[in-house]
Amino acid sequence: MNFPQVVFIIASAIALGGAVGVVTTRNLFRAALFLVLSFVGVVGLFVLLEAELLAMIQLLVYVGAISILIIFAIMLSQRLMSSEFRAQNEQWLMALVTAVILFGLLLVVLLRVNWPTSPAEVPSDAISLLGQALVSPDQFVLVFEVASVLLLVALVGAVIIARER
Amino acid sequence: MDFILNFWVEFGAWVGDLLASWGLPEWAVNLIADFAGVLILLVMGIMAVLIFTPMERKVVARMQDRPGPNRVWPYGLLQALADAIKMLTKEDIVPRNADRALHLLAPLLVAIPALLVFAVLPWGPGLIGQDLNVGILYIVAIGAIHVLAIVIAGWGSNNKYALLSAFRVVNQLLAYEIPMVLCILTVILFARTMSTQGIVEAQTIPYFVVTPVAGMIFLVCALAEANRSPVDLIEADSEMVAGYMVEYSGMKFAMFFIAEYVNMFAVAIVIATLFLGGWKFFGLEDLAPVLTPIIVFVKAVFVIFCMLWFRATFPRLRFDHLVGFAWKFLVPLSLVNLMLGALVVKLTENLWGQAGLMLLGNVVMVAVTAFILNRAARRVREAPALKRIVAVER
Amino acid sequence: MTLLSDYNFIGVFVVVAVIFPFVALGLAWLLRPKKPNPVKTDTYECGLQTFGDTWVQFRAQYYIYALVFVVFDIEAVFLFPWAVAYDKVGLWALAEAFLFLAILTVGLVYAWRKGALRWQ
Numbered sequence: 001m002n003f004p005q006v007v008f009i010i011a012s013a014i015a016l017g018g019a020v021g022v023v024t025t026r027n028l029f030r031a032a033l034f035l036v037l038s039f040v041g042v043v044g045l046f047v048l049l050e051a052e053l054l055a056m057i058q059l060l061v062y063v064g065a066i067s068i069l070i071i072f073a074i075m076l077s078q079r080l081m082s083s084e085f086r087a088q089n090e091q092w093l094m095a096l097v098t099a100v101i102l103f104g105l106l107l108v109v110l111l112r113v114n115w116p117t118s119p120a121e122v123p124s125d126a127i128s129l130l131g132q133a134l135v136s137p138d139q140f141v142l143v144f145e146v147a148s149v150l151l152l153v154a155l156v157g158a159v160i161i162a163r164e165r
Numbered sequence: 166m167d168f169i170l171n172f173w174v175e176f177g178a179w180v181g182d183l184l185a186s187w188g189l190p191e192w193a194v195n196l197i198a199d200f201a202g203v204l205i206l207l208v209m210g211i212m213a214v215l216i217f218t219p220m221e222r223k224v225v226a227r228m229q230d231r232p233g234p235n236r237v238w239p240y241g242l243l244q245a246l247a248d249a250i251k252m253l254t255k256e257d258i259v260p261r262n263a264d265r266a267l268h269l270l271a272p273l274l275v276a277i278p279a280l281l282v283f284a285v286l287p288w289g290p291g292l293i294g295q296d297l298n299v300g301i302l303y304i305v306a307i308g309a310i311h312v313l314a315i316v317i318a319g320w321g322s323n324n325k326y327a328l329l330s331a332f333r334v335v336n337q338l339l340a341y342e343i344p345m346v347l348c349i350l351t352v353i354l355f356a357r358t359m360s361t362q363g364i365v366e367a368q369t370i371p372y373f374v375v376t377p378v379a380g381m382i383f384l385v386c387a388l389a390e391a392n393r394s395p396v397d398l399i400e401a402d403s404e405m406v407a408g409y410m411v412e413y414s415g416m417k418f419a420m421f422f423i424a425e426y427v428n429m430f431a432v433a434i435v436i437a438t439l440f441l442g443g444w445k446f447f448g449l450e451d452l453a454p455v456l457t458p459i460i461v462f463v464k465a466v467f468v469i470f471c472m473l474w475f476r477a478t479f480p481r482l483r484f485d486h487l488v489g490f491a492w493k494f495l496v497p498l499s500l501v502n503l504m505l506g507a508l509v510v511k512l513t514e515n516l517w518g519q520a521g522l523m524l525l526g527n528v529v530m531v532a533v534t535a536f537i538l539n540r541a542a543r544r545v546r547e548a549p550a551l552k553r554i555v556a557v558e559r
Numbered sequence: 560m561t562l563l564s565d566y567n568f569i570g571v572f573v574v575v576a577v578i579f580p581f582v583a584l585g586l587a588w589l590l591r592p593k594k595p596n597p598v599k600t601d602t603y604e605c606g607l608q609t610f611g612d613t614w615v616q617f618r619a620q621y622y623i624y625a626l627v628f629v630v631f632d633i634e635a636v637f638l639f640p641w642a643v644a645y646d647k648v649g650l651w652a653l654a655e656a657f658l659f660l661a662i663l664t665v666g667l668v669y670a671w672r673k674g675a676l677r678w679q
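Protein chains in written order, with the working numbering: chain G, 1 to 165; chain L, 166 to 559; chain E, 560 to 679.
Heads up, none of these hints are tricks.
Computed beta-carbon distance windows for the label pairs: (1) Trp187/L to Ala120/G: 35 to 41 Å; (2) Leu243/L to Pro123/G: 50 to 56 Å; (3) Thr24/G to Leu183/L: 48 to 54 Å.
Stretch-level coverage of chain L by chain G, calculated; a stretch enters the list once three of its residues show a Cβ under 8 Å from a Cβ in chain G: (4) 295-303; (5) 314-327.
Derived by calculation from the structure, the hints in this document are not laboratory data.
From the three backbone atoms N, C-alpha and C, an ideal C-beta is built for every residue, glycine too.
Just chain G, with the same shape it has in the complex (with noise of 0.2 Å):
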């Protein structure tokens, strides 16, 4: 049991446990504030694979702004601090088969591909190249551009909907 190992099985622990009590817990908002002890975790399973620049953008864009998200449209759904403030799942019996049966699926997924592994180290100018891959001609160029052009989308249709009549 070396301490990569260790590192890892805390990180799991913190994003399923946070998981478990996504869906477990009573209070829709302590709900929310689980889905970000997952994000937190995940946090930690990104620093184990070396993928560092992810780790912080997972930081900052999910813990830092998409949870607030998700917070201000639990609040805007819902009748502000009153007592019945809890989590409606009466279609439990339903969601409990579809995850199962999304379990076994990954499950045999998991165990049956050859998932290509390399044994190259990750490089030390990892975000630098990362840089250089999304400009390039030859690689990533026509997503970069394309993922603007997807948030410009995402903002005009919020502006759109949002709008005061």
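Here the structure of chain G is known, so what remains is to put chains L and E in place on it, guided by the hints.
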């Protein structure tokens, strides 16, 4: 003599050798060294609170032509200690229907990120907690946790004013985070690395001289992120009483304030690192590397003095002016600055040429912005009265 | 595992930074009086009795600001690797980044003109 000049690095190496000579395995030596480093940084963070609390009150008081606290020890310098003793012994009142776990969680979540920033701040050529490859991004990401903590504080108080104030503060923080990140991007364009140590080492010319617009925008955004005046809407007694902190008492309340001062100190060091040259001082750091922490500290104190100066001088901004200022003025300005920086870095490879061109570009930008604002203000001023009220709302 | 060992320090720091506020709060818990009574645990409303349920009108404008923030946050995140690699790529990287920023500036201008950034 060499030992004295390079004191900190030599001392660290000596302690490391001492620990290794006791026969401990390597991981234990590293762990103890890490632990000692963490404790030193934490103590430094807490000392910041003890120093800057009375300093703030004395400086602001002097600017307002009154003496400030002067009972505790000569000149009131131990005021923070008296405050700490008071906070420790106050009763902790949790509102009746509040969620106790969340009420407890919020002050912790506010204090922890403020302390975590100290891990990547550079104090000298070899003196840094951990020189992460993504140092600056780490600092921004840790600051984003602070936003979440405020929502939890507002919610956990079971008080509609606390919740309302929490929403407004969160909006303010979100609005000012974008120009901050864009200014950091501009600095990274010139420094070509995200690690804090790398940014300091790349500053043969302090970046405040290269791009003063980015420096000023970052200073304003840092003020807003730290909830300092003139954007301290929640601390205004006439606005929201204590805002999201209204239901907190005793040590939990103290946690919020400790976090604010530690945050202020950390942000001041970040500004010194990014824009004022960090631990460099016209070559002094080569002659006597032992002085580099003092150089950083002096620069941080200068920045904090500027922040206190702003607090004593400017009136508070109204909430809609606040967010309007961020979204409609700072974000476009920092976007233009970023594009200008990208253009300048590609125009010439020479460092001095880049700095000169960027400075020129910034001056032109400021002039154009002033011109546009002047025209807009004149249009508002010369409109008839009714149209003026409508025009200001826009 | 060099990159992971970088984060050893951060890990130790996180553990100590989490323990420190607990220690401070624990110290305060030992030292402070504990006398709850109904008046003290009432919700604060500037000294008056609370009227009715505590519920707040949540304005949609808060949500719009958060949404615009998410979009610009992700834009900035895309620009971080570009900025780090900027000196190793040619002039085309400048044009591509300009295009990226221009598209998002169009979004900002659209939101501005449609009043999404105005606080009602």
